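Starting from the structure of chain D, add chains P and V where the hints point.
What follows is the residue order along each chain.
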Amino acid sequence: MSTAWQPVRDASGSSRRLTLDDLARRVDGRLEGVSDPEQEIEGVRPLESAAESDLSFVHAGSYLKQAASSRAAAFLIPESLDPTAVAAELGERPRIVVRSSQLAVAQALDEFFVLPRPSPGVHPTAVVGKDCELGEGVAIGPYAVIGDGCHLADGVVVEAHTVVGRDCVVGTDSWLHANCVLYDGSVLGERVRVHSGAIVGGHGFGYASVAGIHHKIPQVGRAVLGDDVEVGCGSAVDRALVDETRIGEGTKIDNQVQVGHNVRTGRGCLLCGQAGIGGTARLGDHVVLAGQVGVVDHAQLGDGVSVAAGSKVLRSVDAGRTLGGAPRVQDIGDWRRASSAVTRLPELLRRVKRLERQLAELSSRSSSESDDRS
Amino acid sequence: MSTAWQPVRDASGSSRRLTLDDLARRVDGRLEGVSDPEQEIEGVRPLESAAESDLSFVHAGSYLKQAASSRAAAFLIPESLDPTAVAAELGERPRIVVRSSQLAVAQALDEFFVLPRPSPGVHPTAVVGKDCELGEGVAIGPYAVIGDGCHLADGVVVEAHTVVGRDCVVGTDSWLHANCVLYDGSVLGERVRVHSGAIVGGHGFGYASVAGIHHKIPQVGRAVLGDDVEVGCGSAVDRALVDETRIGEGTKIDNQVQVGHNVRTGRGCLLCGQAGIGGTARLGDHVVLAGQVGVVDHAQLGDGVSVAAGSKVLRSVDAGRTLGGAPRVQDIGDWRRASSAVTRLPELLRRVKRLERQLAELSSRSSSESDDRS
Amino acid sequence: MSTAWQPVRDASGSSRRLTLDDLARRVDGRLEGVSDPEQEIEGVRPLESAAESDLSFVHAGSYLKQAASSRAAAFLIPESLDPTAVAAELGERPRIVVRSSQLAVAQALDEFFVLPRPSPGVHPTAVVGKDCELGEGVAIGPYAVIGDGCHLADGVVVEAHTVVGRDCVVGTDSWLHANCVLYDGSVLGERVRVHSGAIVGGHGFGYASVAGIHHKIPQVGRAVLGDDVEVGCGSAVDRALVDETRIGEGTKIDNQVQVGHNVRTGRGCLLCGQAGIGGTARLGDHVVLAGQVGVVDHAQLGDGVSVAAGSKVLRSVDAGRTLGGAPRVQDIGDWRRASSAVTRLPELLRRVKRLERQLAELSSRSSSESDDRS
Numbered sequence: 022m023s024t025a026w027q028p029v030r031d032a033s034g035s036s037r038r039l040t041l042d043d044l045a046r047r048v049d050g051r052l053e054g055v056s057d058p059e060q061e062i063e064g065v066r067p068l069e070s071a072a073e074s075d076l077s078f079v080h081a082g083s084y085l086k087q088a089a090s091s092r093a094a095a096f097l098i099p100e101s102l103d104p105t106a107v108a109a110e111l112g113e114r115p116r117i118v119v120r121s122s123q124l125a126v127a128q129a130l131d132e133f134f135v136l137p138r139p140s141p142g143v144h145p146t147a148v149v150g151k152d153c154e155l156g157e158g159v160a161i162g163p164y165a166v167i168g169d170g171c172h173l174a175d176g177v178v179v180e181a182h183t184v185v186g187r188d189c190v191v192g193t194d195s196w197l198h199a200n201c202v203l204y205d206g207s208v209l210g211e212r213v214r215v216h217s218g219a220i221v222g223g224h225g226f227g228y229a230s231v232a233g234i235h236h237k238i239p240q241v242g243r244a245v246l247g248d249d250v251e252v253g254c255g256s257a258v259d260r261a262l263v264d265e266t267r268i269g270e271g272t273k274i275d276n277q278v279q280v281g282h283n284v285r286t287g288r289g290c291l292l293c294g295q296a297g298i299g300g301t302a303r304l305g306d307h308v309v310l311a312g313q314v315g316v317v318d319h320a321q322l323g324d325g326v327s328v329a330a331g332s333k334v335l336r337s338v339d340a341g342r343t344l345g346g347a348p349r350v351q352d353i354g355d356w357r358r359a360s361s362a363v364t365r366l367p368e369l370l371r372r373v374k375r376l377e378r379q380l381a382e383l384s385s386r387s388s389s390e391s392d393d394r395s
Numbered sequence: 022m023s024t025a026w027q028p029v030r031d032a033s034g035s036s037r038r039l040t041l042d043d044l045a046r047r048v049d050g051r052l053e054g055v056s057d058p059e060q061e062i063e064g065v066r067p068l069e070s071a072a073e074s075d076l077s078f079v080h081a082g083s084y085l086k087q088a089a090s091s092r093a094a095a096f097l098i099p100e101s102l103d104p105t106a107v108a109a110e111l112g113e114r115p116r117i118v119v120r121s122s123q124l125a126v127a128q129a130l131d132e133f134f135v136l137p138r139p140s141p142g143v144h145p146t147a148v149v150g151k152d153c154e155l156g157e158g159v160a161i162g163p164y165a166v167i168g169d170g171c172h173l174a175d176g177v178v179v180e181a182h183t184v185v186g187r188d189c190v191v192g193t194d195s196w197l198h199a200n201c202v203l204y205d206g207s208v209l210g211e212r213v214r215v216h217s218g219a220i221v222g223g224h225g226f227g228y229a230s231v232a233g234i235h236h237k238i239p240q241v242g243r244a245v246l247g248d249d250v251e252v253g254c255g256s257a258v259d260r261a262l263v264d265e266t267r268i269g270e271g272t273k274i275d276n277q278v279q280v281g282h283n284v285r286t287g288r289g290c291l292l293c294g295q296a297g298i299g300g301t302a303r304l305g306d307h308v309v310l311a312g313q314v315g316v317v318d319h320a321q322l323g324d325g326v327s328v329a330a331g332s333k334v335l336r337s338v339d340a341g342r343t344l345g346g347a348p349r350v351q352d353i354g355d356w357r358r359a360s361s362a363v364t365r366l367p368e369l370l371r372r373v374k375r376l377e378r379q380l381a382e383l384s385s386r387s388s389s390e391s392d393d394r395s
Numbered sequence: 022m023s024t025a026w027q028p029v030r031d032a033s034g035s036s037r038r039l040t041l042d043d044l045a046r047r048v049d050g051r052l053e054g055v056s057d058p059e060q061e062i063e064g065v066r067p068l069e070s071a072a073e074s075d076l077s078f079v080h081a082g083s084y085l086k087q088a089a090s091s092r093a094a095a096f097l098i099p100e101s102l103d104p105t106a107v108a109a110e111l112g113e114r115p116r117i118v119v120r121s122s123q124l125a126v127a128q129a130l131d132e133f134f135v136l137p138r139p140s141p142g143v144h145p146t147a148v149v150g151k152d153c154e155l156g157e158g159v160a161i162g163p164y165a166v167i168g169d170g171c172h173l174a175d176g177v178v179v180e181a182h183t184v185v186g187r188d189c190v191v192g193t194d195s196w197l198h199a200n201c202v203l204y205d206g207s208v209l210g211e212r213v214r215v216h217s218g219a220i221v222g223g224h225g226f227g228y229a230s231v232a233g234i235h236h237k238i239p240q241v242g243r244a245v246l247g248d249d250v251e252v253g254c255g256s257a258v259d260r261a262l263v264d265e266t267r268i269g270e271g272t273k274i275d276n277q278v279q280v281g282h283n284v285r286t287g288r289g290c291l292l293c294g295q296a297g298i299g300g301t302a303r304l305g306d307h308v309v310l311a312g313q314v315g316v317v318d319h320a321q322l323g324d325g326v327s328v329a330a331g332s333k334v335l336r337s338v339d340a341g342r343t344l345g346g347a348p349r350v351q352d353i354g355d356w357r358r359a360s361s362a363v364t365r366l367p368e369l370l371r372r373v374k375r376l377e378r379q380l381a382e383l384s385s386r387s388s389s390e391s392d393d394r395s
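Residue numbers (the working numbering), protein chains in the order written: chain D, 22 to 395; chain P, 22 to 395; chain V, 22 to 395.
Quick caveat, the hints were computed from the structure, so don't treat them as lab data.
None of the hints are false.
Just so you know, same-sequence chains aren't split out, so a pair can sit in one copy or run between any two.
Below, simulated EDC-like cross-link-like pairs (lysine to aspartate or glutamate); rule was C-alpha separation at most 20 Å, straight line: (1) Lys237 <-> Asp248; (2) Lys374 <-> Asp355; (3) Lys237 <-> Asp194; (4) Lys237 <-> Asp49; (5) Lys86 <-> Asp103; (6) Lys237 <-> Glu132.
The structure displayed is predicted, hence computed values, not measured ones.
Same shape as in the complex, but just chain D:
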């Protein structure tokens, strides 16, 4: 409230336990090295903190040695790991081989923990405006404020203190955590999650500057978040000048990310912490911006572009490229070489100076020898 996960408990109040066999089925995996498939698992923990009743996980071969010395009862192992290497390190220790160990971790955690959905109903202190439509099972928390003319579909959760402007639409099973704000007219798809402190549909930074005075340009568009979008704590997605700022289906936005007015992103993008996207930029599908990346106004990034942490993208980028750099982005290998070279620049300056001196000497020697001979 703002809500997070709680352990799953059975009727008697004790934490859930699952057998290895049962867990393997639930994460769609194959048991290996298991002598007792009925062994009970009580939780999921990383290698360094796993107890004897925990399931743990190995995402890459480099962690196998650490796994071998972990106390975990069993491990999730991706099928991409070399079976010989796995057997060499883990011998007869129990493991569940899965297609994606990341996904299996998510599935296993979902067996032991639940994100409790608040009970349906409108808290007596919530203020709901005129002409609102509330679907079935909608839960509105203490002091939430919903403006006139909103439509909240079935299963929507609005936690304490969240403010929804007028004429907003929030799709089925979407969840607004405590203390977030939707400006008037914002539109959210289904299963959207907006975290505390996030703000959707703010005014956008648009001014007509004449003789040093910045006149506000009305930002009369709106912000639209597609299905399955998540917006992190304190992030902001501004409304459009006209038309729509649009975040594509399944795009995930981390904390403190700024998305300017008129931006459009494709599906399944990942925008990591403190990234910033300037006005009217366009991102294709599955674009990844690592932490603190900046994208300049009006830039166009094609599908699948991936930008390394802290880079500044000051121009458009073709699809499929993996880039780094500031202020000139380059292919990531070139960027690594260039930035390594930067650290050697003082030495390079000295070498060039020495070359100049040696060449001058050689040149004057050569001239004088020519003179000698002439």
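Same frame as chain D, now just chains P and V:
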């Protein structure tokens, strides 16, 4: 609530329409290529989405070709564009020639949209402290909390859930959107706008560090925003150690901008998204910081300084310069050349290595020839 | 509310005054150049704004000249300053010599200003959940919302509109300013201060990406802030995937800082404005990240590491180093030389080009001379 624009409607509820002739007068422009000045315009849209009844706009000559293929009924054109080029592309298509097309867009949008001001009055759930003075027409929304001893001048709007500390002063027609916070003692001028999630007057990051312990230094000053300042979503302007942090008249602050304690900015600055200004820095008038710019503590930036996106300003800068770079800012042209050169550094290293080898060969050859001759 | 300092007043309502002698005792300092130890001081101000009844301060020798021309009644001077230089500039002007002038400023300000603690009690509009334990002297402000099962120890302050999730623990004398959010299960030590807009325990950015779909990985851990931690306006500390995100005792976090899931920091770190720390990174004790620094996921920074503003740390760093750079951090001196060299790169390119031309000429001349002789 948090409020954004609504279409202007006439008494019958239908959206506003204006004739070209009327619109031209309202944006102080001159009609060209217009056969029917009574043609009705229903809205304003950018070139790519304009419908047949929309006014659109061209800010630069490079967009004239796109304008020619747009469906818009008419275009706002800046008088600075070459009339021959305009006529070549737009022939007899209707247009309104104006001094600033940006300003005209703002004016035209203001004809079709309105930012509805909440009705005056104090919502029954708002908490207003002792000894507050509320001017005429003040509107205070649901769950707003106003501390003791505040003065809110005529026409001030405080939206839902906003918290105003004690002894704050908010000038005429200023507008605090939902969920923002003024710490005790903050002072806002007239027509100031503070957006959701913004925080004015926070404590400032001041500690006396002795033997690894950081003792909090009381930050007993305040934050003062001049007339016509706008503060974006999630931005923070800290109070001063003593005295005042001051944001000059007409300065506009985008989202997620951090302004440290004791900072002073001049008039009409533009601080773009995620810019950060370290403590006690001074900015002159009309300084522009692009997105993600950092300015170090105590730096002084003269009037009219402009800093490119992502740059880090680690020293003071004379008035009038346009700069880029991190961590060494340079004049923008030099910076572009230097950053382009960085991408060629690995090649440069190879060239220097080759030079060294060739010079060594030449030098040894030259020596041996000298030896031969001697 | 959000609370800041108020002047200390005596029973008659007038501001506090203290004699120089008294003040010197309270800041544990030694009077010098004082003819009248009974002279009354009314406040503390920096050199440029100090009035004739103010105490001012000099943190470094370079400010002595400015001190000499200030109107201040007396100065706090660190004992590390050369007494001859001090005497040369300040002659017989009154001063208090102290071990740390920063700490003495803090102590002196604490004599004249107080951060008023709200009266104990639960505001009638606050919503407190079931099974909460509230210690003695707890103050809960208007519209605060406390979830079920929370423990707020003695002297805790929760200001207006702050939302505390279920099962949170807040230690003695901790203070949550207006409009901040603790997600479920967060744990705060003693004397922790969380500022407006800050969010503790958010979900963390964890997805299992399979075939372009990002599946949310439950983040079932929690966030734990040690004693004496301060979290600035709008900052976020995410909860852990499993286990704990931990901020060490006495660590101070400025505004708009992002701390990813599973991060652990040591004691007494300083994380300046807009710094970002990627998931699972580890910071030792007394690490300093200047403004806008980024630390990549999983990096390990040893005790006492210090990183210059705007730098990006993309790998682990040994204890004790002072670094700068992006994307390659270097020792700070090397980094300064390298970044200075970057600005000379275009010139360097020209020099190498010239060397290549000269060498080619010399080489061909040398060859032709060899030919001549053969």
